[in-house]
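Note that the protein sequences, when read in sequence, are chains A, B and C. FYI, the working numbering numbers position 74 of the first sequence as 74, with every residue one higher than the one before it. FYI, the working numbering numbers position 74 of the second sequence as 74, with every residue one higher than the one before it. FYI, the working numbering numbers position 176 of the third sequence as 176, with every residue one higher than the one before it.
Keep in mind that the hints were calculated from the coordinates and are not lab data.
Below, simulated DSSO-like cross-link-like pairs (lysine-lysine); rule was C-alpha separation at most 27 Å, straight line: (1) A:LYS175 - A:LYS106; (2) A:LYS106 - A:LYS86; (3) A:LYS86 - A:LYS50; (4) A:LYS106 - A:LYS50; (5) A:LYS50 - B:LYS60; (6) B:LYS60 - A:LYS175.
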Amino acid sequence: MPTVVSPRGSLKEPEATHGADLAQLPPEDRTLVDRLRAGDEATFLAIVEKNHWAMIRVARGYVASEGVAEEVVQDAWVGILQGLEKFEGRCPLRAWMFRILINCAKMRGGREARSVPFSALESESSGGEQRPVETFRPPDDPRWPGHWARGPERWTEERLADAEALSRIRAEIEKLPPNQRQVMTLRDIEDWDSAEVCEALGISEANQRVLLHRARTRVRQALAIWAAEGTP
Amino acid sequence: MSTARRQDIACRELVEILTEFLEGALDEQLRTRVEQHLVLCPGCREYLRQFRATIGATRKLAEEDLPPRVRENLLNAFRDWRHGG
Amino acid sequence: MPSATGDTGAETPVRAWKFLDSGHIAPFGGHVWPAPAAGSPGEWVRFSGREIFACRIVDLPWWIASELWEIELEAPVRAMETQVAAAAGRLLRRVLAWDSATLHAYGVACAERARDLALDALTRDGRLEEAQALARAPSMLELCRVARGLAGEARERLSSNLAGYGAESSMRASEGAAAAAANITANAVVAALDDPEVFDRERQWQAQWIAERAGLASIPVAAL
Numbered sequence: 001m002p003t004v005v006s007p008r009g010s011l012k013e014p015e016a017t018h019g020a021d022l023a024q025l026p027p028e029d030r031t032l033v034d035r036l037r038a039g040d041e042a043t044f045l046a047i048v049e050k051n052h053w054a055m056i057r058v059a060r061g062y063v064a065s066e067g068v069a070e071e072v073v074q075d076a077w078v079g080i081l082q083g084l085e086k087f088e089g090r091c092p093l094r095a096w097m098f099r100i101l102i103n104c105a106k107m108r109g110g111r112e113a114r115s116v117p118f119s120a121l122e123s124e125s126s127g128g129e130q131r132p133v134e135t136f137r138p139p140d141d142p143r144w145p146g147h148w149a150r151g152p153e154r155w156t157e158e159r160l161a162d163a164e165a166l167s168r169i170r171a172e173i174e175k176l177p178p179n180q181r182q183v184m185t186l187r188d189i190e191d192w193d194s195a196e197v198c199e200a201l202g203i204s205e206a207n208q209r210v211l212l213h214r215a216r217t218r219v220r221q222a223l224a225i226w227a228a229e230g231t232p
Numbered sequence: 001m002s003t004a005r006r007q008d009i010a011c012r013e014l015v016e017i018l019t020e021f022l023e024g025a026l027d028e029q030l031r032t033r034v035e036q037h038l039v040l041c042p043g044c045r046e047y048l049r050q051f052r053a054t055i056g057a058t059r060k061l062a063e064e065d066l067p068p069r070v071r072e073n074l075l076n077a078f079r080d081w082r083h084g085g
Numbered sequence: 001m002p003s004a005t006g007d008t009g010a011e012t013p014v015r016a017w018k019f020l021d022s023g024h025i026a027p028f029g030g031h032v033w034p035a036p037a038a039g040s041p042g043e044w045v046r047f048s049g050r051e052i053f054a055c056r057i058v059d060l061p062w063w064i065a066s067e068l069w070e071i072e073l074e075a076p077v078r079a080m081e082t083q084v085a086a087a088a089g090r091l092l093r094r095v096l097a098w099d100s101a102t103l104h105a106y107g108v109a110c111a112e113r114a115r116d117l118a119l120d121a122l123t124r125d126g127r128l129e130e131a132q133a134l135a136r137a138p139s140m141l142e143l144c145r146v147a148r149g150l151a152g153e154a155r156e157r158l159s160s161n162l163a164g165y166g167a168e169s170s171m172r173a174s175e176g177a178a179a180a181a182a183n184i185t186a187n188a189v190v191a192a193l194d195d196p197e198v199f200d201r202e203r204q205w206q207a208q209w210i211a212e213r214a215g216l217a218s219i220p221v222a223a224l
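Only chain A is shown next, with the shape it has when bound in the complex (with noise of 0.2 Å):
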């Protein structure tokens, strides 16, 4: 029988469909907490299913494993039942659960921080090891300072195609500084809007957009040393 860590240690009976007002939030999202608040299992078990992988993958940005990813999954999940009776419903329902589930991932990366394998804790500086595909023209260039002197090989359907295309992608997500990678699962993999990914993570407009486009031109920049690779 698996244990369940509870991080608050509360057993107060939470009342049926009593309830903080929710008078804020969208009629969706008032439905789930209503049906949360009155037990309904079907509905818990959508919303863990919809927003699971999510949940391992920004989870393990703090953590140093996938196992131990999972654990914060369930310690905030148990942080989120037990909130469910004072959610107010300021902001939305998922970005309120991501709040619960950074601070668990947080709680645990930090005790666990002397173990946490260097690679979790790359720096943005690590990435530029990677010898460049492309090159631009220096500033004193003749004609075309800082525009491409070697530019970008056509990458061609089949390369992208390929199902090693993917794995990459997904190697180089992982191999993230975790508040990029962060920002890049919520919106390119799991399709977020932006204002839900500030939300979630207490980030600014300006702030998410910059960690975005760090993680894409990354991962673009894996994509096409591996595209590369490929070709005679």
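Model the placement of chains B and C on the given structure of chain A, informed by the hints.
Structure of chains B and C alone, referenced to chain A:
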């Protein structure tokens, strides 16, 4: 020596603002410059294609299935909570 | 055909030009423009929160693509630096004279102007044999090869720098990348005369070339 027209952006600048461009976050003047540059620069056109293709391919990483073990654990957690655990 | 003016307050639609990718697809948005059929214009296209853009003749060189269309814009039309904008537009007719052959010829014409700039500079520099080699090149590719060989001291000699532009312009022209060739040439003119203002003048020459070859001159275009 006089070089490129002062208003054309360089490729190096364009690749820096591509996400803003795709999100519609650039002001009209800068967006127009990006579009103009794309007309005259095959290299940046290809880069944009690759950037978009990367995003498109990334979308395919979305997974749907919940591992049964996880499902069971979380369901138990839910039931525990429901019963005041 | 009614000619149209862009007076504010006038309800008359304004006619202009629009470049689209093959299949009448918008180059940046990717959406498909409805084509005219059976003598009727294409349906009006209108976006919420986004304008329709089109060209006056003078704007054409900035927006080169494989298809050129005559478009009708809903007044009022806003003039910008290198295009015009309106709330809605519809395609009237395809300019058939603008085809891949014309596009290619445009690139070649621009590359030849770049070559001529290099020729003049080489001659002034006393590099007569090199000038002749350049003048004799029978094709864009050969022109590129010769010009590239003369571009070595681009930082030190204007004639070499212009040979560099010539090489780049002709390379693009040979690839069919006419817009790139044209832009390179406009930049070459600036270098040759050491004056950023002449860029627009070269663009005007290019606009004139396009208008004449595509037969646009005979149709009244909105004066804005």
